[in-house]
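A.B. asks: Chains as they are written, first to last, in my numbering: chain U, 21 to 337; chain B, 21 to 337.
Hints listed in this document are in silico derivations from the structure and should not be mistaken for laboratory results. Please note: incorrect hints may appear among the correct ones.
If several chains are the same, the list does not tell them apart, and a pair holds so long as it fits within one copy or across any two.
[Claimed, not checked] Cut-off 27 Å, straight-line C-alpha distance, at most; resulting in silico cross-link-like pairs (DSSO-like, lysine-lysine): (1) K215 <-> K334; (2) K250 <-> K224; (3) K66 <-> K116; (4) K62 <-> K120.
Model, not experiment: these values are computed from the prediction.
Number of protein chains: 2
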Amino acid sequence: MLIEIENCADSLREVQKILLLCHAHPDGDTLGSATALALALKAMGKEIAVLCDDEIAPKYDFMFTGVHRTVDFEPELIVAVDVADPELLGKNLNLKYGEKVDMCIDHHTSNRSFAQATWLDADSASVAEMVYELLRLLEAEITPQMASCLFTGVSTDTGCFRFSNTTSRSHRIAAELIDAGADSQMIIQNFFEIKSRSYAMLEKMAMDELQLYLGGRCAIMPVTRAMLGKSGASDSDTDRLANIPRRIEGVVVAVTLKEQPGGEFKASVRTHGDVDASAICERMGGGGHVGAAGCTLQMPLPACVARIIEEVEKEIG
Amino acid sequence: MLIEIENCADSLREVQKILLLCHAHPDGDTLGSATALALALKAMGKEIAVLCDDEIAPKYDFMFTGVHRTVDFEPELIVAVDVADPELLGKNLNLKYGEKVDMCIDHHTSNRSFAQATWLDADSASVAEMVYELLRLLEAEITPQMASCLFTGVSTDTGCFRFSNTTSRSHRIAAELIDAGADSQMIIQNFFEIKSRSYAMLEKMAMDELQLYLGGRCAIMPVTRAMLGKSGASDSDTDRLANIPRRIEGVVVAVTLKEQPGGEFKASVRTHGDVDASAICERMGGGGHVGAAGCTLQMPLPACVARIIEEVEKEIG
Numbered sequence: 021m022l023i024e025i026e027n028c029a030d031s032l033r034e035v036q037k038i039l040l041l042c043h044a045h046p047d048g049d050t051l052g053s054a055t056a057l058a059l060a061l062k063a064m065g066k067e068i069a070v071l072c073d074d075e076i077a078p079k080y081d082f083m084f085t086g087v088h089r090t091v092d093f094e095p096e097l098i099v100a101v102d103v104a105d106p107e108l109l110g111k112n113l114n115l116k117y118g119e120k121v122d123m124c125i126d127h128h129t130s131n132r133s134f135a136q137a138t139w140l141d142a143d144s145a146s147v148a149e150m151v152y153e154l155l156r157l158l159e160a161e162i163t164p165q166m167a168s169c170l171f172t173g174v175s176t177d178t179g180c181f182r183f184s185n186t187t188s189r190s191h192r193i194a195a196e197l198i199d200a201g202a203d204s205q206m207i208i209q210n211f212f213e214i215k216s217r218s219y220a221m222l223e224k225m226a227m228d229e230l231q232l233y234l235g236g237r238c239a240i241m242p243v244t245r246a247m248l249g250k251s252g253a254s255d256s257d258t259d260r261l262a263n264i265p266r267r268i269e270g271v272v273v274a275v276t277l278k279e280q281p282g283g284e285f286k287a288s289v290r291t292h293g294d295v296d297a298s299a300i301c302e303r304m305g306g307g308g309h310v311g312a313a314g315c316t317l318q319m320p321l322p323a324c325v326a327r328i329i330e331e332v333e334k335e336i337g
Numbered sequence: 021m022l023i024e025i026e027n028c029a030d031s032l033r034e035v036q037k038i039l040l041l042c043h044a045h046p047d048g049d050t051l052g053s054a055t056a057l058a059l060a061l062k063a064m065g066k067e068i069a070v071l072c073d074d075e076i077a078p079k080y081d082f083m084f085t086g087v088h089r090t091v092d093f094e095p096e097l098i099v100a101v102d103v104a105d106p107e108l109l110g111k112n113l114n115l116k117y118g119e120k121v122d123m124c125i126d127h128h129t130s131n132r133s134f135a136q137a138t139w140l141d142a143d144s145a146s147v148a149e150m151v152y153e154l155l156r157l158l159e160a161e162i163t164p165q166m167a168s169c170l171f172t173g174v175s176t177d178t179g180c181f182r183f184s185n186t187t188s189r190s191h192r193i194a195a196e197l198i199d200a201g202a203d204s205q206m207i208i209q210n211f212f213e214i215k216s217r218s219y220a221m222l223e224k225m226a227m228d229e230l231q232l233y234l235g236g237r238c239a240i241m242p243v244t245r246a247m248l249g250k251s252g253a254s255d256s257d258t259d260r261l262a263n264i265p266r267r268i269e270g271v272v273v274a275v276t277l278k279e280q281p282g283g284e285f286k287a288s289v290r291t292h293g294d295v296d297a298s299a300i301c302e303r304m305g306g307g308g309h310v311g312a313a314g315c316t317l318q319m320p321l322p323a324c325v326a327r328i329i330e331e332v333e334k335e336i337g
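Bound conformation, chain U alone:
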């Protein structure tokens, strides 16, 4: 059943013991929205816990001051926050609570309506914007900590106000959160700005190896184990690199080729416009979405590059 913000507020007011669930591989929006809501409900005198199946990175620690992360009560209401599908709760939480979710607060068009009641706002860039309005409706005082939690959600889900999902509402709520004491600079520094020295070095080395093909329409950037070793960067640092080739003017197919510990290469393909990344990757045994896909190639680097150019050329002619 789809519900409105007022129903959501009423349900929360009616009960005393509430369990909030985040999605696995947690991000700033699921964690920031759930913790801000938890802090507001706690201030209303309720018993609250926030659960997440995966480990939570230290940069999110500020959100959990005063928030219980274990359930020592029998929940009257189980609420999933920013969760489109029970499988996204992660294995453990899905097993335990996947079929018992009473309410879901979400902004994904792909939401599977798995909860008893779903408050869905697909026009909202982040769930944090929805929770901000919910807290206003609940007449909750928004503390600086809660404001920081929500600012993290708004900013991370909009790529710091750059993605095309960013609306005037995103900016207006960001303004309200700054006025409520959100530490926007700490958040921007930790989530968007600061690069570790090892990551900065890896980026430089990867950029040195980036080459353009097919008249500048295809960029291929190799990231080898040697580069990781020399820079001291970690495997997870390589995720951020995928943004480099796709930002070059004229590039419609951007490929990051990451050498794996076993020697094979994982290709991440990002496309602009209507070029089909998944069609390119499917012909090399992979798959994905139109704009972002991947595949794994068991061959030396020069052969990988040649093969990719061949398949990209078939797609963009």
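Given the coordinates of chain U, work out where chain B should sit on it, guided by the hints.
C.D. replies: For chain B alone, coordinates are given in the frame of chain U:
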């Protein structure tokens, strides 16, 4: 004489022929603020021209549709927009108008009060925010073109809402401008996301030359004429480079050192926390804001680097 927004509005209402001056090495704020103001005044039936001493990059073309760029009238009022010092008008405009500026609209604490009347708001992240409020006071209709001009000013002077000068007012005005039809996605793509191939090459070369000093707290990145020549990048491309050194973990003072056609070096200094960039630059004959300032050094590159390290060390100890 310092004036308020009301005086500024009154002065503009009283006259018919207005000349607006931008600073040399023009950026999104000086151009966006001047063109938005020009378009509003033109819609009020006034004769307007906008002048800038330097060539204006094609990405700003959208601002100038319907805006005169030559003066074929005798101005009754000469207004400098985002200009802290008549020297920043550039050689020609300074010679011709430097001592005749009637009004200056600016947000630099370093403003030299060179105009007859100065409306200064040092708390404003951009002059575009001031001009937005001025247009509201003038009851001007904000067209989508004007909204895009001002959104460019707000976004470029706040580093797309990342710099520490970004306030809740910046976000609120951004929201108003989006609602007024600003093409925020076009602006974000052109000014922040897409890199020309020549810019990407320049960035790579500059990163190769970046060095850390003072225990990693100071980063200095030289950008020479040779790099510009080899990459094919333009002078205006170098503005974006200033973000590279400031994002490295541990860096509190980030300096981009751009060699000028005459051989001198322009230093752009960006700081984190409460380190005062303008104090550093003032000791080298420049000025600016706490978080972002600049100066020009007439010496070879190694001497520039040594001098800057010396002055930075005085500030951060």
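A.B. asks: Could you run down the list of hints and mark each one as holding or not?
C.D. replies: The hints, checked one at a time:
1. K215 <-> K334: Close across copies (26 Å), not inside one copy (36 Å); limit 27 Å.
2. K250 <-> K224: The answer is both: 12 Å in one copy and 18 Å across copies each meet 27 Å.
3. K66 <-> K116: Within one copy, since 22 Å is at most 27 Å while 70 Å is not.
4. K62 <-> K120: Classified as within; 22 Å inside a copy, 63 Å across copies.
Violated hints for the displayed structure: none, as all numbered hints are satisfied.
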